[in-house]
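In terms of the numbering used here, the sequence shown has 229 at position 91, counting the first letter as 1, and numbering is strictly consecutive.
Careful: at least some of the hints might be erroneous.
[As the list claims (entries may be wrong)] Here are the in silico distance ranges between beta carbons for each label pair: (1) G267 with A327: 21 to 29 Å; (2) D249 with D210: 28 to 36 Å; (3) Q151 with S332: 17 to 25 Å.
It is worth saying that the hints were derived from the structure and are not from the lab. Glycine included, C-beta positions come from ideal geometry on N, C-alpha and C.
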Amino acid sequence: MEPLIDRARAFPQRAGLAGRELTGLAAGQSPQALFITCSDSRVVPSLITGADPGDLFELRTAGNIVPAYRADAASGETATIEYAVDVLGVRDIVVCGHSHCGAVGAVVRGDDLSTAPAVRAWLRNADPGELRTEEADVFDPTVAGPVQRHVLAQLHRLRGYPGIARRLIDGQVRLHGWFYEIHTGLVLAHRADSGLFLPL
139 MEPLIDRARA FPQRAGLAGR ELTGLAAGQS PQALFITCSD SRVVPSLITG
189 ADPGDLFELR TAGNIVPAYR ADAASGETAT IEYAVDVLGV RDIVVCGHSH
239 CGAVGAVVRG DDLSTAPAVR AWLRNADPGE LRTEEADVFD PTVAGPVQRH
289 VLAQLHRLRG YPGIARRLID GQVRLHGWFY EIHTGLVLAH RADSGLFLPL
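Turn these sequences into a full structure, and let the hints guide you.
The structure is reproduced here in structure tokens:
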């Protein structure tokens with residue numbers, strides 16, 4: 139923890155002239171994209187995209203799961219998505235899964251999560267049927283295939299959010315499916331024309 143504290147103390151200097159470059163951010167935010175990804179510490183959206191403060195409105199969940207929209211049972215996730223789209227007017231939404239994902243791997247393998255009941259309950263939001271199509275998926279440590287199918291399932295779920303559904307019709311929002319390889323740094327994007335995830 140001490141190295142993190144030391145870097146936090148030095149942040150104003152690293153940000154430039156005691157944070158002078160950050161003063162404009164106090165007036166408000168206008169992020170370029172809503173970036174939905176996993177809570178995994180190896181996935182750092184600003185590092186992957188080169189984003190500056192204010193560029194990304196981030197939502198991080200275990201397994202980059204997007205819960206189904208329910209106005210009567212709102213969650214932090216649905217509120218974040220709704221705020222990004224309906225209040226901030228974000229025009230691009232990225233769902234970024236990643237290789238070696240523990241959450242997706244646990245669903246695919248059917249891991250016993252009885253010692254982590256909240257995690258087990260949360261992962262019920264991921265449909266095992268959408269993730270596993272081949273027996274080889276169970277033995278693939280990168281879980282690339284299941285994660286990519288999982289990303290597409292989350293994009294489908296986002297289409298059920300009223301604000302997103304309206305803006306998709308009008309062309310005011312675009313959805314992007316990405317897959318980040320932790321071991322190479324490569325980012326793949328889903329191409330609707332081929333149905334494949336290909337390098338950006």
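Cross-check of the supplied hints:
At roughly 24 Å, the beta carbons of G267 and A327 sit within the given window of 21 to 29 Å. Taking the beta carbon of each, D249 and D210 are about 32 Å apart, inside 28 to 36 Å as hinted. Checking the proposed 17 to 25 Å range against Q151 and S332 shows it is violated: the Cβ atoms sit about 47 Å from each other.
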